[in-house]
Amino acid sequence: MGIVGEQLDIDFVISVGDNFYDDGLKGDTDPSFEASFSHIYTHPSLQKQWYSGNLTYSRLNSLHV
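Letter 47 of the sequence shown, counting from 1, is numbered 47 in the working numbering, and no numbers are missing.
FYI, nobody ran anything at the bench for these hints, they're computed from the structure. Accuracy of the hints is not assured; some may be wrong.
Under the rule of at most 20 angstroms between Cα atoms (straight-line distance), these lysine to any residue pairs were calculated in the SDA-like manner [to be verified]: (1) Lys48 with Gly27; (2) Lys48 with Gly5; (3) Lys48 with Gly2; (4) Lys48 with Lys26; (5) Lys26 with Gly5; (6) Lys48 with Gln7; (7) Lys48 with Ser15; (8) Lys48 with Ser38; (9) Lys48 with Phe37; (10) Lys48 with Asp11.
With the sequences and hints as input, model every part of the structure.
So this is what it looks like as structure tokens:
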């Protein structure tokens, strides 16, 4: 994903959701966020504005992240 982002010189990322399964995140300090999101999308080309949708958005939004 990072390589494609670099090749396309992207301006933003659209995530269609489902990054956090089962019960979602337990709070704004849940280690699942780092383990399954922040530590995964580390390529420099992905360090852009992210727009999340579907379940990811509703779960993050409910945490006011």
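Q) Checked against the structure, which of the hints given earlier come out wrong? A) 1, 4 and 5
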